[in-house]
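Chemist: Each chain, written out:
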Amino acid sequence: MPGVIVIHENRGLNPHIADVTRRMALEGFVALAPDFLSGSGGTPENEDQAREQIGKLEPEGTLKAALAAAEWLRTGDRSTGRVGAVGFCWGGGLVGRLATADPKLNAGVVFYGRVPPLADVPKIKAQLLLNYAGKDERINADVPAFQKALDDAGVRYSLHTYDGVEHAFHNDTSAARYNAEAAQLAWKRTIEFFAKTLKVA
Amino acid sequence: MDRRIIELYDEYTHAPLARRDFLERLATLAGGMGSALTLLQLLQANKAVAAQVAADDKRLKSERVSVPGPDGELRGYLARPPMPRRCPVSSSFTRTADSIRTSRT
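Chains A and B, in that order, are what the protein sequence lines are.
Read in order, the letters of the first sequence are residues 269 to 469 in this note's numbering.
Read in order, the letters of the second sequence are residues 53 to 157 in this note's numbering.
Because the hints were derived from the structure by calculation, they are not lab data.
One or more hints might be untrue.
[Said to hold, decoys possible] Taking lysine-lysine pairs in the DSSO-like style, the calculated list, with each CA pair at most 27 Å apart, reads:
1. Lys324(A) <-> Lys110(B)
2. Lys456(A) <-> Lys467(A)
3. Lys372(A) <-> Lys332(A)
4. Lys391(A) <-> Lys372(A)
5. Lys403(A) <-> Lys372(A)
6. Lys324(A) <-> Lys99(B)
7. Lys99(B) <-> Lys456(A)
8. Lys403(A) <-> Lys467(A)
9. Lys403(A) <-> Lys99(B)
10. Lys113(B) <-> Lys464(A)
11. Lys467(A) <-> Lys110(B)
12. Lys110(B) <-> Lys372(A)
13. Lys403(A) <-> Lys332(A)
14. Lys416(A) <-> Lys324(A)
15. Lys467(A) <-> Lys113(B)
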């Protein structure tokens with residue numbers, strides 16, 4: 269089976285992300301959710317604390333950790349060798365950066381994540397699926413420039429903006445921002461995308 | 053929910069806004085601290101919401117793993133359907149190789 273890295277929000281590896289990882293596995297992938305707070309003792313129970321610790325992480329260190337996780341999953345008989353990554357919010361930003369840094373990454377799916385440094389976009393070899401929330405002004409402000417960079421570099425991608433929904437619309441444990449219709453559609457697209465890009469010889 | 057509340061929570065979760073300031077502003081928007089704390093349950097990741105796929109779902113194998121990382125061990129959660137480790141293609145090659153060995157002896 270191909271592998272998928274599931275990269276958590278700025279709340280760390282919490283029960284919600286473990287659930288998302290299981291959902292991915294049910295679709296026929298070996299799914300790995302790294303805990304990027306491993307270095308500081310693992311994700312704490314309290315989400316404010318988790319967010320505070322995430323804020324203190326060094327970007328270079330988290331990128332190296334993500335690269336190590338992808339390499340681990342694609343080697344040692346753990347998967348077919350084809351690996352994708354999906355990330356949410358903070359994790360979406362890390363998927364973008366991982367795509368610029370890992371030429372072996374086959375597919376990346378971003379859910380409302382910060383765009384990666386535009387100068388690095390030409391290095392992307394993976395195909396991308398980008399899911400943004402219509403009301404997410406903070407993240408969406410940078411997307412037009414990101415799209416231009418992707419087009420200029422010839423990166424293969426699809427981009428969807430889900431109208432009228434909030435940042436974090438896929439997180440079903442946060443009632444205030446969850447939108448079931450958008451979440452289900454975005455998830456369906458994600459699975460189809462991974463099937464097309466990863467479930468091949 | 054009032055959009056200003058969602059925007060406030062977005063600010064709190066992405067900018068350096070102290071929790072006390074956040075709660076005070078939330079209370080102002082919500083009409084009291086009691087209401088603020090109720091709204092907080094809807095904004096934060098709520099552990100009371102059941103997982104879509106239970107942790108002990110029998111269709112999956114899941115485990116905690118350690119990935120060797122550049123700055124030490126990276127802990128993680130690994131989930132997969134319980135299929136044979138080898139993909140079907142390599143299993144049939146193994147059987148073919150066995151039958152070739154058998155027919156030669």
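Chemist: Compare the structure with the hints numbered earlier in the document and write down the numbers of the violated ones, lowest to highest.
Modeler: Of the numbered hints, 1, 5, 8, 12, 13, 14 do not hold.
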